[in-house]
Amino acid sequence: NAGVTQTPKFRILKIGQSMTLQCTQDMNHNYMYWYRQDPGMGLKLIYYSVGAGITDKGEVPNGYNVSRSTTEDFPLRLELAAPSQTSVYFCASSVVSSGGGEYFGPGTRLTVL
Amino acid sequence: KNEVEQSPQNLTAQEGEFITINCSYSVGISALHWLQQHPGGGIVSLFMLSSGKKKHGRLIATINIQEKHSSLHITASHPRDSAVYICAVKNFGISGNTGKLIFGQGTTLQVKP
Chain A
1 NAGVTQTPKF RILKIGQSMT LQCTQDMNHN YMYWYRQDPG MGLKLIYYSV
51 GAGITDKGEV PNGYNVSRST TEDFPLRLEL AAPSQTSVYF CASSVVSSGG
101 GEYFGPGTRL TVL
Chain B
1001 KNEVEQSPQN LTAQEGEFIT INCSYSVGIS ALHWLQQHPG GGIVSLFMLS
1051 SGKKKHGRLI ATINIQEKHS SLHITASHPR DSAVYICAVK NFGISGNTGK
1101 LIFGQGTTLQ VKP
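These protein sequence lines map, in sequence, to chains A and B.
Start counting the first sequence at 1; every next residue gets the next number (this note's numbering).
Start counting the second sequence at 1001; every next residue gets the next number (this note's numbering).
Heads up, some of the hints might be wrong.
To be verified - Counterexamples of contact, computed for chain B against chain A with all Cβ distances above 10 angstroms: (1) P1008; (2) L1011; (3) T1012; (4) E1017; (5) G1042; (6) S1045; (7) K1055; (8) R1058.
Unchecked claim - For lysine to any residue, the following SDA-like pairs were computed, each having C-alpha atoms within a straight-line distance of at most 25 angstroms: (9) B:K1112 with B:E1067; (10) A:K9 with B:V1111; (11) A:K57 with B:Q1105; (12) A:K14 with B:A1083; (13) A:K9 with B:A1083.
If you're looking for bench data, these hints aren't it; they were derived computationally from the structure.
Using N, Cα and C, we set each Cβ at its ideal position, and we do this for glycine too.
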């Protein structure tokens, strides 16, 4: 298994541009999450999904959108990028909420100039 | 007060020392996770605990459900153990089984040769 994969690894955006961060897991996990980690800070939940077709907001959803059309994929869309969205983005998945381990992707380092 | 508190926030040790990082939480949980993040790196799940004790190599994690406390121990510490160690709990909130993690603020460990 490849686990949780994210693309791209790095990206520089200009203010106002849009992009999609891709996240794929091949472990048939039902739960998937998007986190952001600002420099020197902890992880903050942006959006999460408990299964295909079901998504919900986390702590910091403003400026982002997600979709979950398949179990494997959970893309994060940034519309109208702002400097405040400069961060490292981690996707994660788990098999069930109570007993499953957490699996994190390698992260996407995004800079908005 | 944060729902998950770690101590210490920063820790410097000499190679070979025994290290303990503590985590206390104030919510009901289904599982507790210890995560490791190297500088500029990804996040790796070290342990998932719901009771008792787990050991992997030089790492030992314990949890006391009644006292709402967990510890991560590193025996014979090595400079490659230098990283941020994050405690995270998964609980069932009022809104039901969301599978969301609540993170501690992290402990930055530096092991000097």
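Hints versus structure:
1. P1008: Since the minimum Cβ distance to chain A is about 16 angstroms, P1008 (chain B) lies beyond 10 angstroms and the statement holds.
2. L1011: With a cut-off of 10 angstroms, L1011 (chain B) remains clear of chain A, as the shortest Cβ separation is near 16 angstroms.
3. T1012: Consistent with the label, T1012 (chain B) stays out of reach of chain A, its closest Cβ about 17 angstroms off (over 10 angstroms).
4. E1017: For E1017 (chain B), whose nearest Cβ neighbour in chain A is about 25 angstroms away, the distance exceeds 10 angstroms, so it holds.
5. G1042: For G1042 (chain B), whose nearest Cβ neighbour in chain A is about 5 angstroms away, the distance does not exceed 10 angstroms, so it is violated.
6. S1045: violated, 5 angstroms
7. K1055: Non-interface label on K1055 (chain B) holds, nearest chain A Cβ at 16 angstroms vs cutoff 10 angstroms.
8. R1058: Given that every Cβ of chain A is farther than 10 angstroms from that of R1058 (chain B), nearest at about 20 angstroms, it holds.
9. B:K1112 with B:E1067: Violated, at roughly 33 angstroms.
10. A:K9 with B:V1111: Violated, at roughly 28 angstroms.
11. A:K57 with B:Q1105: Roughly 21 angstroms between the alpha carbons, so the hint for K57 (chain A) and Q1105 (chain B) holds.
12. A:K14 with B:A1083: violated, 32 angstroms
13. A:K9 with B:A1083: holds, 21 angstroms
The structure is inconsistent with the numbered hints 5, 6, 9, 10, 12, although it conforms to all the rest.
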